[in-house]
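Protein chains: 4
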Amino acid sequence: MIKVGIIGAGSLTAEELLKILLNHKNVEVNILHSETYQGKKVDSVWPAFKNLTDLSFSAPSLQKIKEVCDCIFITRPHGKASEVVKELNSSKIKIIDLSADFRLPDLSYYKKWYPGMNHQIPELLSKAVYGLPELFRDKIKKSSLTANPGCYATAVILSLAPLLKNNIIKKQIIVNAFSGVSGAGRMHKENFNLFGDIYGNLKIYKPGTHQHTPEMELTLGKLAGDEVKITFIPCLIPVNRGILAISSHPLENKLTKKDIIDIYQKFYKNEKFIRICENGYPEIASVAGTNFCDIGFEIDARNNILMAASTIDNIVKGASGQAVQNMNLMFGFDETEGLISH
Amino acid sequence: MIKVGIIGAGSLTAEELLKILLNHKNVEVNILHSETYQGKKVDSVWPAFKNLTDLSFSAPSLQKIKEVCDCIFITRPHGKASEVVKELNSSKIKIIDLSADFRLPDLSYYKKWYPGMNHQIPELLSKAVYGLPELFRDKIKKSSLTANPGCYATAVILSLAPLLKNNIIKKQIIVNAFSGVSGAGRMHKENFNLFGDIYGNLKIYKPGTHQHTPEMELTLGKLAGDEVKITFIPCLIPVNRGILAISSHPLENKLTKKDIIDIYQKFYKNEKFIRICENGYPEIASVAGTNFCDIGFEIDARNNILMAASTIDNIVKGASGQAVQNMNLMFGFDETEGLISH
Amino acid sequence: MIKVGIIGAGSLTAEELLKILLNHKNVEVNILHSETYQGKKVDSVWPAFKNLTDLSFSAPSLQKIKEVCDCIFITRPHGKASEVVKELNSSKIKIIDLSADFRLPDLSYYKKWYPGMNHQIPELLSKAVYGLPELFRDKIKKSSLTANPGCYATAVILSLAPLLKNNIIKKQIIVNAFSGVSGAGRMHKENFNLFGDIYGNLKIYKPGTHQHTPEMELTLGKLAGDEVKITFIPCLIPVNRGILAISSHPLENKLTKKDIIDIYQKFYKNEKFIRICENGYPEIASVAGTNFCDIGFEIDARNNILMAASTIDNIVKGASGQAVQNMNLMFGFDETEGLISH
Amino acid sequence: MIKVGIIGAGSLTAEELLKILLNHKNVEVNILHSETYQGKKVDSVWPAFKNLTDLSFSAPSLQKIKEVCDCIFITRPHGKASEVVKELNSSKIKIIDLSADFRLPDLSYYKKWYPGMNHQIPELLSKAVYGLPELFRDKIKKSSLTANPGCYATAVILSLAPLLKNNIIKKQIIVNAFSGVSGAGRMHKENFNLFGDIYGNLKIYKPGTHQHTPEMELTLGKLAGDEVKITFIPCLIPVNRGILAISSHPLENKLTKKDIIDIYQKFYKNEKFIRICENGYPEIASVAGTNFCDIGFEIDARNNILMAASTIDNIVKGASGQAVQNMNLMFGFDETEGLISH
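Residue numbers (the working numbering), protein chains in the order written: chain A, -11 to 330; chain B, -11 to 330; chain C, -11 to 330; chain D, -11 to 330.
Please note that a few of the clues may not be correct.
If chains are identical, the list can't say which one is meant, so a pair holds when it fits in one copy or spans any two.
What the hints assert, rightly or not - Straight-line Cα separation of at most 27 Å, DSS-like style, residue types lysine-lysine; simulated pairs:
no.	residue 1	residue 2
1	28	257
2	245	159
3	-9	159
4	177	159
5	260	153
6	217	159
7	246	100
8	159	99
9	28	38
10	245	13
11	130	52
12	115	242
13	54	257
14	177	242
15	68	13
16	177	245
17	242	159
18	38	260
19	242	217
20	100	159
21	254	29
22	158	54
Derived by calculation from the structure, the hints in this document are not laboratory data.
Please construct the entire structure, taking both the sequences and the accompanying hints into account.
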C-alpha cells in the first residue's frame, strides 16, 4: 500500500485520477493539494464522490508532501508543474507529471512549442521518461520522474508506431484528430468551450501548430530511425470525452487489411490496453471511460491508400488512466490494477 | 409564378425543400406526392408547418403531375428516381432530381458505385446537367433535367475546385468529411442513426468506398484537365445538420495563406453562397440552416502543407437549398430567391 | 422604412435580433452600439453574417442615437438598461427593452426580485407597457417604451392565460420549465454553461426564486382577477435553443381534452404565433428558430388532472422575435413582418 | 462463486448487466442466451467488451439452463419474460426479472396497464418480490423470484417514500420525469429514438398513462397506509443515460429544508446507494454510470411548497445495477459488490 498525493487536485484530470485511485487496491490517497479548494471535502466540490470518499482538499507544503507520500501526480498546467518538480526533486518520491513540462527532451523544443513558459528545472528534461507504456515499459519501470504523454500524442503515436517501426509509410504525415471538449479542461476559454460554442458544431483549432506535435514527431522518429514530420490538425467535437485520430498513407507496396492487422497484432502482442479492430472501425463510444486504445484500418485498394484510425478516452488513456498505468509500472504493481477489474 | 411539385414528399429533404419553397416569391407548391402520407395535411405529419401552409400530401398519377406542374423536385431514393424521370421525360416539365440517379455521366460508373440498382433510363445520363451552380451555371440555366449533387460532393468539390483548376495540388487526394446524422435520412439504419448509436460518438463508415466519390473525382477531374483520384473517408458526428470536409495537400511551391485566399476569392468572385474565411476556420454553426459554403485554409509552413476545409448544411446547400438554387437558374429567377432574404 | 438601433449589440439576443431585422422590409438597421466591438465589422465578430451585411459596430453617444434612430432595442443586462432608457427618455424615439428593468409595475417588486440593482428611472415603471402582444396588443400599439417579457414568462403566461381567464384552475400553481443553454447568454457562469457542465446533464437552478416569477404572477393575476401564486422551477437542458414549460392542475369539473382545446382556440383566435396542438404534445424542435408558441394538453382522467405544456424558442419568441413583433405593433407594420415569410 | 445466466442477452440492459457482472468477484457468467446472436462472440457484437471477456452468446434450452445456472437474469420484453419464468419455475434457480411481468401484485393491474399482454403464469404474481432493496431488503433476501422495478418507478419511489411514510405530503401527486434515450432500448420506435427525433428536442410521451405508474402508486400506497394517486408525466431528453424525477408538494405545516433533509437521512440511514444532497440539487451527471440515487429538495417558503427531485442512471440503478444489488441480497453477498469498488 503506497501513499499517493495529487498536486493541482482541483483539475478535471485530478478528478478522474481520484476516481481511478479510489478503486486501486495498492494505493491510499493521502494528499489532494489544491489552494482553491483547501479545507473543503471532495464531495462538497464534486457531488459524484459522495459515499465514495471522505477525503478533503488541503494545501500542505511540498516539504510536508515529500515526507508523507511515496508517489505524486502533478496535474497543474504546463509551466507550473516544473516548479513543483524542482521542489520535490531531491527526495525519494516518485513523480508522474501530467503536464507537458517534461515530455520534450531538451529546452529548445520546449521554448519553441510552449512560448512564454519558463521551465524551472530544464536539467531534468533529459532524465524524465516519456510515459507511454506500450513503447517504453522498461524505462518507465525504473523511472522516478515520468512525463505522462499528451492526449492527442497518445492516440496518434499508438496508431502509427507499428507502421513507422516497420517502415511501411512515408515519414511526412498528416493527422486529423477530433477531441471531446473535456480536453479543454475546466477553465473557460473564449469562443471555445461554452456549451453554445460547440453544440451543433465542429471547431478546427491550431492546425499545424498544436503543442502535442513535437511529442509525436520525436517519439515516432525514434521508432522510424529517421526524422518524422507531422502536420497535426485538431478539432473539437460536441462530445465530452474521447479522441478519434485519423491518418491516411500512400502505400509503396500492395498490402491487404489482413497484412496490416497482422503487423499491429504482432507489434502490440500481449498489450492489455491496445485493441485491434478486425471488423469495423474504432469508435469513441467503445473506449469512453476506459484505458483502452482501439485501432482500426481500411485499405482503399483503388488508390493504394491505408487509413489508420484510433480512439481513446482523452481523460483516461489520454491522461489519468495512463498516469495510473505508469504508476503501476513504477511501483511493480499489476499494470492493469485500478484500470481493469478482475 | 410557377407551379412546383415534390415527388417523394415524405422525405427529410422534401421537408426542408417545402420550408424553402413556402418562402419563395415566384413559386406555388401544388403537389406533394407521397404514397405514405397521401390524404394527410402537411402539418399533421410535421407540426412545425402549422400556420405556415394548408397543403396536403397526395398521390396523383405522373400523367396528372405533368399537366399541372412546371417544375418537379424528386426526393426519392436512388434507383427509384429514374423510374419517375422516365415517366416525366417526354413532357415540358423541368426536373431537379435530388437522388444520385443522374449525377454520373454513364452507366458504368453507376453500376460500379450503386451496385444492384437498375437505372430505368440510362440514355438520359449524358443529357442531365450536374447541378453545382458555382461551376456549371450556364449549363444549368438551359437544363431541363438537373442532377442535384451529393451533400459530401458539394462540400468537397467546392473546397478543392480552385486548387485543381490552378494546378496547385496533386491529383491524388485524401479527404475526411464529417456529417450530421440527418444525412442518413429518416429511415432507421441499424447501428447507425439511433440516438444511442451516435450520441457521444463518432462513426467512420465506408472509408474509400462512399458512393459520392465518383462525382468528386469526375467533376474535379474536368477542372484539373486530368484524372483526379480521391480517397474519401466519411464519418458521422453527433450533430443533426452540417458537413465539415477537410483535406491537406503537400505544396510544390511556397504559398502563403494570403496567396490561397486570393486564388479562392478570384475563383469565386461574385458567388453569393461561397464565403472565404480570411480569419479563423469554417464552422458548421455558421452555415447551419443556410445555403452558404464556408471555405478556409491554413498553411503548415514547417512542412509546406496546405489544409483546406469547408462547411455546408448538408440538407440545404448539400440538398434542398442547392436544388432551389438550381431551380432559380433554370427558370431565370434571382439565384438567391428563397435562400437569402432581401 | 424606419431607422433602428441596437444598444448592447454584442449580446446573443442582439445577434438574433440583427438576423431578424436584416430580413425586415420596413427597417434599416443603422446603429449597432457595442463598446466591446466598436469599429469591428459584424461579420468579423460573427462569421455567420458574412455576405448578409456590411454593418459595423460603433459606440456613438446616446444623444447621437436619439437623432438618427426611430426605434431602439436595448439588449443590455438588467440594471444597465434603465441607464440607457433614462438618457433616451425625453426623445420621440420608441424603445423596446429586452432586459427586466421595465417589466414590473413598481419598484418594490424590482427591489425584491432583482436585489442589488439600482433602477435609474423608476418613475417610468408604471408607464412602460408589458410587451406580450397576445394579451396586450392594443396597449403595445400606443407604447413608446415596451418591456419585452422574460423568456420563461412568455412560455408560462401563454400556456396558462386561457385557464386563468376562464377560471378553470386554482391560483396556486407549480410550473417546471426546461431551457436551452443559450438562455444563460454569452458570458461564462461558473458550473453552469461550460460544455462539460451541461452535456449529458440536467441542471435545476433557482427553484422557487427565479426572477421571472413575478412577471408571471402579476400578468396572470390580472387575467384571473385575483392573486396568482406560482412556484416556478427552471432547469437547464443540453440543448442550445428552446423552452418547454409544463404544469399540471387539478380540475374541479370534468373537462375533456377537446373542451380545453376549444377554450384555447377561442382565446387565441386569429393569433398568428400561437399554435394549439390538437394531436401530440408541443416539442422544442417544432418551434426552434421561429416566433411560434406551441401549446398542448392532456387530461389524466383517472385523477382529473390537466397537463398544459408550451414550447417556444427562448431567443425568438422568448426575446428577439417577440421584440420585433412588438416593434411591428408600435410602428403599425404587419405584425408578422420579418417573422413569417409571405 | 455462483453461475449466472442472462436470458435476452442481446438487450441494452443485458449489455450493462454483463459489464457489471464481469467485475463481480462472486459470480461467473456462464450463459448469455440470445437467439439473435447465438454463436457469436460478445466482443464481435459489442466491441467495447474486447479484452474483457471471451464469452459467446448461445441459445441452450431452458432445461439446460436450469442445470448449469444458480441465478438467471431475464432481460426480455414484458410479456415474454413470464414465458421463461414459467419454464424455470420448478427449479431451485433464483430469478431476477428485469421486465414488468412480475412487478404488479395481481392480474387485474397487469391487464389494465399492459393491455394485450398474456401473462403466462399469473399465479406467481403474488409470490414475486418487488426488488427495491431500500424498501424491501428483508423480503428480497429470501426471494427466489424478484421483480426488478421499472426505471422511472425506482427514481420516483425513492424520492417520495420518506414523505409518504411520514405523512408529510398529500396522496394526490404529480410527478414529471425526464429520461435519457437509452430508456427506449435498442429497437427503433417511430418518431421516438432516431437521433434526429430527439437531438435538440424534448419529447413528452404517455402523460398520465405510463405503465410504471401502478408500481409507484402501489408501493408508495403501502408506505402511506392509504391509496396514493400519481399523475406521471414522462419526457425524453437528448441524453443517453439518466433520469431526473421532480415533484412539488403543498406542505400542511411549515417545514424547513433542514427538516426535510433530516427526515430523509433518517429514513435512508446506512443506505449505501442513496445520497441526500445537502447543498445543490441532484444532477444526472453525478449518477451516470453508477448505482446511486441522488435526492435533493427545496422549499418555496413564499408558497409553502416542497420540491423533491431525484436522479438515477436508468440503466444502472434503474435496471441492471439494481438487479445485481438484488442478486447480492438473494445470495448473501455484500450488497455493494460489483457496484462500488473497495
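Hints, one by one, checked against the model:
In the homo-oligomer, the alpha carbons of residue 28 and residue 257 lie at most 27 Å apart only across protomers (23 Å), although the nearest pairing inside one protomer, at 45 Å, exceeds that limit. Taking CA atoms no more than 27 Å apart as the test, residue 245 paired with residue 159 passes in both settings, with 20 Å inside one copy and 24 Å between copies. When the C-alpha separation of residue -9 and residue 159 is checked against a cutoff of 27 Å, the pair qualifies neither within a copy, at 43 Å, nor between copies, at 52 Å. Within a single copy, residue 177 and residue 159 get their C-alpha atoms no closer than 34 Å, and across copies no closer than 39 Å, so neither meets the 27 Å cut-off.
In this assembly of identical chains, the alpha carbons of residue 260 and residue 153 lie at most 27 Å apart only when taken from the same copy (20 Å versus 49 Å across copies). Taking CA atoms no more than 27 Å apart as the test, residue 217 paired with residue 159 passes in both settings, with 6 Å inside one copy and 22 Å between copies. When the C-alpha separation of residue 246 and residue 100 is checked against a cutoff of 27 Å, the pair qualifies only between copies, where the shortest distance is 24 Å, while the shortest distance within a copy is 40 Å. Taking the shortest Cα distances, residue 159 and residue 99 sit within 27 Å of each other inside one copy (24 Å), while across copies they are farther apart (38 Å).
Only within a single protomer do residue 28 and residue 38 lie at most 27 Å apart by alpha-carbon distance; the minimum there is 13 Å, versus 40 Å between protomers. Taking the shortest alpha-carbon separations for residue 245 and residue 13, neither the intra-copy value of 40 Å nor the inter-copy value of 39 Å comes in at or below 27 Å. For the homomeric pair residue 130 and residue 52, the shortest alpha-carbon distance inside one copy (25 Å) is at most 27 Å, but the shortest distance between copies (52 Å) is not. In this assembly of identical chains, residue 115 and residue 242 lie within 27 Å of each other by CA distance neither inside one copy nor across copies; the values are 41 Å within and 39 Å between.
Taking identical chains as interchangeable, the C-alpha atoms of residue 54 and residue 257 are never at most 27 Å apart, the minima being 38 Å within one chain and 39 Å between chains. In this assembly of identical chains, residue 177 and residue 242 lie within 27 Å of each other by CA distance neither inside one copy nor across copies; the values are 46 Å within and 33 Å between. Taking the shortest alpha-carbon separations for residue 68 and residue 13, neither the intra-copy value of 30 Å nor the inter-copy value of 42 Å comes in at or below 27 Å. Taking the shortest alpha-carbon separations for residue 177 and residue 245, only the inter-copy value of 26 Å comes in at or below 27 Å, while the best intra-copy value is 41 Å.
Taking the closest pair of Cα atoms, residue 242 and residue 159 come within 27 Å of each other both inside a single copy (18 Å) and across two copies (20 Å). Proximity of residue 38 and residue 260 under a CA criterion of 27 Å is satisfied inter-copy only: 10 Å between copies versus 31 Å inside one chain copy. For the homomeric pair residue 242 and residue 217, the shortest alpha-carbon distances inside one copy (24 Å) and between copies (17 Å) are both at most 27 Å. Only within a single protomer do residue 100 and residue 159 lie at most 27 Å apart by alpha-carbon distance; the minimum there is 21 Å, versus 34 Å between protomers.
Proximity of residue 254 to residue 29 under the C-alpha cut-off of 27 Å is restricted to the inter-copy arrangement: shortest distance 22 Å between copies versus 47 Å within a copy. Within a single copy, residue 158 and residue 54 get their C-alpha atoms no closer than 47 Å, and across copies no closer than 58 Å, so neither meets the 27 Å cut-off.
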